[in-house]
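Colleague: Heads up: the protein sequence lines correspond to chains P and X, in order. In case it helps, my numbering puts the first sequence at residues 1 to 263. In case it helps, my numbering puts the second sequence at residues 1 to 230.
Read the hints as simulated data drawn from the structure, not as lab findings. By construction, the Cβ of each residue, glycine as well, lies at the ideal position given by its N, Cα and C atoms. Warning: the hint list may mix true and false statements.
Reference excerpt, derived from the structure (chain P facing chain X, CB under 8 angstroms, subset only) [stated by the list, open to error]: (1) Phe15; (2) Val33; (3) Tyr62.
Between beta-carbon pairs, the in silico distance windows are [what the hints assert, rightly or not]: (4) X:Gly14 with P:Lys40: 41 to 47 angstroms; (5) X:Gly167 with P:Leu16: 21 to 27 angstroms; (6) X:Ala177 with P:Lys40: 51 to 57 angstroms; (7) P:Ala58 with X:Ile94: 53 to 59 angstroms.
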Amino acid sequence: MGFDWFTFIAQLVNFLILLWLLRRFLYGPITRVMKEWAEKVAAGLAEAKEREAQAEEALASYAKQSEELEGKRQEILRQVQKEAEDNRRQFLSEARAEVQEARNQWQLALLRERENFLQALRRRSSKEVYVAMRQALRELADVELERHIVTVFLERLAALPEPQRQKMLGAIKHANNELMVRSAFELPDAEHKELNVVLHELLGEELKLHFLTTPELICGIELSAHGYKLAWSVDSYLSSLEATLEQLLASSTSLVKDRGVGA
Amino acid sequence: MDLSPDAIIYWQWGPVKISATLVFSWLLMALLTLSSYLITRRLSSSPKISAGQNLLEAIVSFFQRQIREVTQQEPEPYLPFVGTLFLYIGLSNILAIVPGFRPPTGSLTTTAALATSVFIAVPIYGIAALGLKAYLRQYLQPSIIMLPFTIIGEFSRTLALAVRLFGNVMSGTVIAAILLLVAPLFFPVVMQAFSLLTGIIQAYIFGILALVYIASATEIQESRKRPKEV
Numbered sequence: 001m002g003f004d005w006f007t008f009i010a011q012l013v014n015f016l017i018l019l020w021l022l023r024r025f026l027y028g029p030i031t032r033v034m035k036e037w038a039e040k041v042a043a044g045l046a047e048a049k050e051r052e053a054q055a056e057e058a059l060a061s062y063a064k065q066s067e068e069l070e071g072k073r074q075e076i077l078r079q080v081q082k083e084a085e086d087n088r089r090q091f092l093s094e095a096r097a098e099v100q101e102a103r104n105q106w107q108l109a110l111l112r113e114r115e116n117f118l119q120a121l122r123r124r125s126s127k128e129v130y131v132a133m134r135q136a137l138r139e140l141a142d143v144e145l146e147r148h149i150v151t152v153f154l155e156r157l158a159a160l161p162e163p164q165r166q167k168m169l170g171a172i173k174h175a176n177n178e179l180m181v182r183s184a185f186e187l188p189d190a191e192h193k194e195l196n197v198v199l200h201e202l203l204g205e206e207l208k209l210h211f212l213t214t215p216e217l218i219c220g221i222e223l224s225a226h227g228y229k230l231a232w233s234v235d236s237y238l239s240s241l242e243a244t245l246e247q248l249l250a251s252s253t254s255l256v257k258d259r260g261v262g263a
Numbered sequence: 001m002d003l004s005p006d007a008i009i010y011w012q013w014g015p016v017k018i019s020a021t022l023v024f025s026w027l028l029m030a031l032l033t034l035s036s037y038l039i040t041r042r043l044s045s046s047p048k049i050s051a052g053q054n055l056l057e058a059i060v061s062f063f064q065r066q067i068r069e070v071t072q073q074e075p076e077p078y079l080p081f082v083g084t085l086f087l088y089i090g091l092s093n094i095l096a097i098v099p100g101f102r103p104p105t106g107s108l109t110t111t112a113a114l115a116t117s118v119f120i121a122v123p124i125y126g127i128a129a130l131g132l133k134a135y136l137r138q139y140l141q142p143s144i145i146m147l148p149f150t151i152i153g154e155f156s157r158t159l160a161l162a163v164r165l166f167g168n169v170m171s172g173t174v175i176a177a178i179l180l181l182v183a184p185l186f187f188p189v190v191m192q193a194f195s196l197l198t199g200i201i202q203a204y205i206f207g208i209l210a211l212v213y214i215a216s217a218t219e220i221q222e223s224r225k226r227p228k229e230v
């Protein structure tokens, strides 16, 4: 077993060749690929880290937005609740005012109705009183009474103030000197003549008198020419009384109206 | 019985001898190169890789890890040299169990050639790392008196590398041969299996020692540079 130098040199060369071959076909490509893979993994990890950071940022941003939205929501909710409460109070006060108004209206209507009723009652009672009075006077009235009335009428006619007399004369002139003399009963001759004389004296000789019997006068006498009327009769008294009553009732109604408005 | 593959000569012309050592070395070289080529021509950097690529990546990562641990440096400059040593010796020792295969590592010429390559590589790496002057100066450290011992050390460790590997591989073959004579059944099989383990261990030892020698040649630079940096 000797040492073969040729084989030794050849093996040395062989080893160098193998070194070169493996460097070319094994270590070079494998280390390159491993490096690529390591770089890929590192890049992937870096990207993942970046994405994680982005995701965390996005999460933080969403959390912040959500918080803001929650805050806004609470704010809006508070506002809406406040508005609702204000509206409720307003509606309530309006409803109260409406109810008060309706109650006032109703009370006014009730008052008016009562007043109307009372007025109708008054009117009716006064009418009844008037009718009863008229009936009573009609029953009392007779020629004798009328004669007394004519006597008083003539006295009053004689004492008629000058302006009224002139007014009457004007009216008679317009009516072609015709004067209507109405009485409830047929006048007795004596009164008839006296009236004729007095009227001619007072109002002129050319005066033409027309005598008429009107039972509506109840008792009394009435002179009329072209819208001018001079009367002294129970009917005129009663009419005057009725007018006064009407006036009183009207004033009481206006009083009720005033009170209604004031209430 | 021939103990060394050097003794088996297929063809001779003067000093030029084509022995079994050379033939099986070429076979190993062809096997390693072809398989590497077949695997690495279709490499992929995607998550899905072939089984061959996976195997090569595992082996290369193992080398890189070992180199990084021993040298405390980046493994790239040392990987091809140390890796090739390990692969060549390891595969040669593993294939020893194949009937008819004569491992080239069982010849002293091969182990001597490998040890010599380490002997050459150490100053090359040292000079590449330190520069010629600084590398040569380390032979004078700590004292010029140490120079002869350092030189003797360089040679003796190279010799030790060569003989250690040769002795281990040859002994395995010799033991197997002796056992075949003494107890031809079963026992040689166990010894063959055992020789697989020792073969891998020897490849590992050879590679690691080469690495240690190279590292020691480059690490001096580091330790000398540090005080300058301060």
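Colleague: Evaluate the given range 53 to 59 angstroms for the C-beta pair formed by alanine 58 of chain P and isoleucine 94 of chain X.
Modeller: holds (57 angstroms)
Colleague: So does alanine 177 of chain X sit 51 to 57 angstroms from lysine 40 of chain P, Cβ to Cβ?
Modeller: holds (52 angstroms)
Colleague: Would you check whether tyrosine 62 of chain P satisfies its interface hint, that is, whether its CB is within less than 8 angstroms of any CB in chain X?
Modeller: violated (33 angstroms)
Colleague: Does the CB of valine 33 of chain P sit less than 8 angstroms away from some CB of chain X?
Modeller: holds (5 angstroms)
Colleague: 21 to 27 angstroms was suggested as the range; check whether the CB atoms of glycine 167 of chain X and leucine 16 of chain P agree with it.
Modeller: holds (25 angstroms)
Colleague: May I ask you to test the interface hint for phenylalanine 15 of chain P with respect to chain X, counting a Cβ-Cβ separation under 8 angstroms as satisfied?
Modeller: holds (5 angstroms)
Colleague: Range hint 41 to 47 angstroms: satisfied by the CB atoms of glycine 14 of chain X and lysine 40 of chain P?
Modeller: violated (57 angstroms)
Checked against the numbered hints above, the structure breaks hints 3, 4 and satisfies the rest.
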